[in-house]
Amino acid sequence: MHNELKITDMQTLESNKKTTEESSNPISLNLPDFTTDTYKDAYSRINAIVIEGEQEAHDNYISIATLIPNELEELTKLARMEMKHKKGFTACGRNLGVVADMEFAKKFFSKLHGNFQVALERGNLTTCLLIQAILIEAFAISAYNVYIRVADPFAKKITEGVVKDEYLHLNYGQEWLKENLSTCKEELMVANKVNLPLIKKMLDEVADDASVLAMDREELMEEFMIAYQDTLMEIGLDNREIARMAMAAIV
Amino acid sequence: MFGLIGHSTSFEDAKRKASMLGFDHIADGDLDVWCTAPPQLVENVEVKSATGISIEGSYIDSCFVPEMLSRFKTARRKVLNAMELAQKKGINITALGGFTSIIFENFNLLQHKQIRNTSLEWERFTTGNTHTAWVICKQLEINAPRIGIDLKKATVAVIGATGDIGSAVCRWLINKTGISELLMVARQQEPLALLQKELDGGTVTSLNEALPKADIVVWVASMPKTIEIDTDNLKKPCLMIDGGYPKNLDEKFQGENIHVLKGGIVEFFNDIGWNMMELAEMQNPQREMFACFAEAMILEFEKCHTNFSWGRNNISLEKMEFIGAASLKHGFSAIGLDKQPNVLTV
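Going line by line, the protein sequences match chains A and B.
With positions in the first sequence counted from 1, the corresponding number in our numbering is that position plus 394.
With positions in the second sequence counted from 1, the corresponding number in our numbering is that position plus 277.
Since the hints were derived computationally from the structure, they do not count as laboratory data.
This list has only true hints and no planted wrong ones.
Anything over 10 Å on all C-beta distances counts as not near chain A; from chain B, calculated: (1) Asn369; (2) Trp399; (3) Ile419; (4) Ala470; (5) Lys490; (6) Glu555; (7) Pro562; (8) Arg564; (9) Lys580; (10) Phe599; (11) Ala603.
In silico SDA-like links for lysine to any residue, alpha-carbon gap of 20 Å or less: (12) B:Lys294 - A:Met639; (13) B:Lys365 - A:Asp559; (14) B:Lys474 - B:Glu458; (15) B:Lys350 - A:Glu612; (16) A:Lys501 - A:Asp453; (17) B:Lys390 - A:Ile542; (18) A:Lys551 - A:Asp427; (19) B:Lys365 - A:Glu569; (20) B:Lys365 - A:Asp632; (21) A:Lys550 - B:His389; (22) B:Lys390 - A:Glu554; (23) B:Lys350 - A:Val606; (24) B:Lys350 - A:Arg611; (25) B:Lys294 - A:Glu635; (26) B:Lys366 - A:Asn565; (27) A:Lys550 - B:Ser396; (28) A:Lys594 - B:Gly306; (29) B:Lys350 - A:Pro426; (30) A:Lys558 - B:Gln364; (31) A:Lys595 - B:Val310; (32) B:Lys294 - A:Arg634; (33) B:Lys365 - A:Glu628; (34) A:Lys558 - B:Thr395; (35) B:Lys366 - B:Val319; (36) B:Lys366 - A:Asn633; (37) A:Lys579 - A:Arg516; (38) B:Lys294 - A:Met641; (39) B:Lys365 - A:Tyr561; (40) A:Lys471 - A:Val557.
Glycine included, every Cβ here is placed at the ideal spot set by N, Cα and C.
Could you build all of it, start to finish, from the sequences and the hints given here?
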């Protein structure tokens, strides 16, 4: 065999044909066809989730303000911003001629919504912030970041504006938890164990529709883990603590 | 601050290390979990140069493993996300280690400047290839005479001659060493012809023809596992410098008077209190590291915050001399044959 040895036999990265072909196509060229029925059908659910998500975020920030009245002004500002986002995303659906399936979206959020309401009633601010300001916001940011790369031009512009705002929200919950870490760590861990698996399930539930929109499940999950890890790091948790918390996402 | 972006040599290895570091959520996960894992800043370290200057740096594991090479999008994300993390941490100069610089170059990641809300600043990154090329040349110059090869009479074959490191090594050998003959081997013939024209020297040949003629072989292309080499056809003594990634030449070339040297590895003059090179399976992990990593340290020592090694075929002799002089000044030296307990000399 060695007599036939040729340099062309070397299977390095460069000679990996599939890889080279793929790499010559920048992702922006692989946009889906926004006009097909399949696309619009999937969009009716994804768009609804986004609209409902922004509405719930609005309501949640108003609710959180009842637990920290001195933050009322700041939280009202955030809530208003969420309503602006809701309007933007509603326009995205309209632009494509899609009617959002709001019933599906309400059901999609129901468990997380329920957990938030229970925490609110009990005055568990840490749990409320974990659900809204960390999990939902990281979920939203990750989805928007992935969506921007494959969205129609109108939705792309709207979503880019929204993402800028969303980074502000994440910071808000982050700051409060950071300041109060010594007293809220235990509750944070417990709440995370209950609610992070819900996020994972929600991601799995929309994976098929998302893939029709050219949003890759693996990429969505990675983006979520990046945003989630970044926030926990900022709050002041160490690598091991974050690893322990993230564990809830894979069981 | 300097940064090093690395990865594990295999998936199994990665899981073992993650478990060691307490990253249980990914240690227990399957490859799909690893594909969704964010990059991790694993370690911070302080390094003191032979001149007395102290610098700080971080090691970032991209969570890439070679098993992901066939997943183009995954591999691309791993590299870009690790780079974003390095920039967000405010690191001035970060070296792309192992497969990450290969992925960056071959998948043309230059077109992906915007990562979420971060616009990557290329001047913060270096492939480290200039230092790697210089170290390989020094390893050749120092070790060949020690096994009885006279450089002035030596034929040197460079396998992978048109790559970034390969072409720099050829440039140095022709201009700086006075070797008798340079044989250049690469897959693509067009860039080879261009290189020959630029160097105004060297002979373009095939791997089969080059191996029996060469006293010294510099490998800067990775070896497929299926290649079998008849060591009887090699010259004796013969020096093989394994400058590719991963380093697997010693599995292929075993025999009398065949000396295999791990190319592009340097040793620091002092122990560095870090764990990261244990992860990279260095023989003396407190001192040894990839030359590309050392380049980021050298640039930080020199306060030379620029993408020193970037793009392909930009490595000039002047740049090699600059990085080489700085490398020695701060206490790095190329590892030699006596560092290799698994070298077979009879």
